[in-house]
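Asks: Residue numbers 91 to 403, in my numbering, belong to the letters of the sequence shown in order.
Please keep in mind that the hints were generated in silico from the structure rather than gathered at the bench.
We treat Cβ as the ideally placed atom computed from N, Cα and C, and that holds for glycine.
Worth double-checking, as some hints may not be accurate.
Said to hold, decoys possible - Between beta-carbon pairs, the in silico distance windows are:
hint, residue 1, residue 2, range
1, Ala227, Leu165, 17 to 27 angstroms
2, Asp363, Arg221, 38 to 48 angstroms
3, Thr290, Ile169, 44 to 54 angstroms
4, Tyr147, Gly225, 17 to 27 angstroms
5, Val279, Arg393, 27 to 37 angstroms
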Amino acid sequence: MKSITAFAPATVANVSCGFDILGFAIDELGDKVTVGLGDRPGLHVVHIEGDGGKLPYEAEQNTCTVAIQAMLYALGESIDLEVRLEKGLPLGSGMGSSAASAVAALVACNELLGNPFQKQALLPFAIEAERVACGAAHADNVAPSLLGGFVLIRDYETLDVIKLHVPAGLYATLVHPHLELNTADSRSVLRQKISLKESTIQSGNIAGLIAGLYSEDLPLISRSLKDVIAEPSRALLIPGFYEVRQGIKEAGALGSGISGSGPTTFILSPNRDIALKSGEISKEIFEKLGLETDIYTSAINVRGAYCIPNTSP
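Please model the complete structure; the sequences and the hints are all you need to start from.
Replies: Here you go:
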């Protein structure tokens, strides 16, 4: 095999109450990366499309090649490779754009090399790419993009990552107003200290959300989608955020929150019809504020990243 192409899905990080420790994956929307044997020494990004010319070709700055280099270092290998990236995700959107690129590159490269790593073992290499992309080595985008479904990062030191149960029929809507928020900037507005009361509230909501997922208790999931740590600061950067929350609740959605660092808002719904209706309501609210808005409606992606067959020449 001379080249392999892989797809990695968009993700929602934090899921309201789970700052830096919870995330879930979206169907269909994502990035594709092709990794092939090269005829020049080293790693080279040779083609990028869909990024508007914004992403770097330098191997030490592009998340695809940063992740691959971390994997090759762990293997003790030096292989000449070429990388082609097809962006399906908008940059700075809060949909896990940098994570999807890194994960797709790793899955493609791992397959090309004969799968020396189990899928979950690729996670540390994807985290290194996130460190370069946004200055924080967090896993709440890369873990669900790689593994699919809802994912809990219980501990970062040991990378104890747990896939959670996905209730039948659960749908997500991503509402992306055309604002670009840099992840580093969005993290800079966060408070460095929280009160004991806030910690207790947040802990209860995290526990309630996980319990609700396993018991398929949708009202419990709805009650638990509350964030008292990051959202109060970040919501100020997203015009119409609270109006959307009110509108979708009246339509029957379970709840909403900021996807990652924003500006995308995620909505969880008990079925596809309510998910679609929630998207329509959200689009109308944002466009009244003069913001063009893209809407994506999806079941939860439980598969994660995967190789696309029959792409090797």
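Asks: It remains to establish, for every hint, whether it holds in the given structure.
Replies: Verification of the supplied hints:
no.	hint	verdict
1	Ala227 / Leu165: 17 to 27 angstroms	20 angstroms, holds
2	Asp363 / Arg221: 38 to 48 angstroms	41 angstroms, holds
3	Thr290 / Ile169: 44 to 54 angstroms	50 angstroms, holds
4	Tyr147 / Gly225: 17 to 27 angstroms	21 angstroms, holds
5	Val279 / Arg393: 27 to 37 angstroms	34 angstroms, holds
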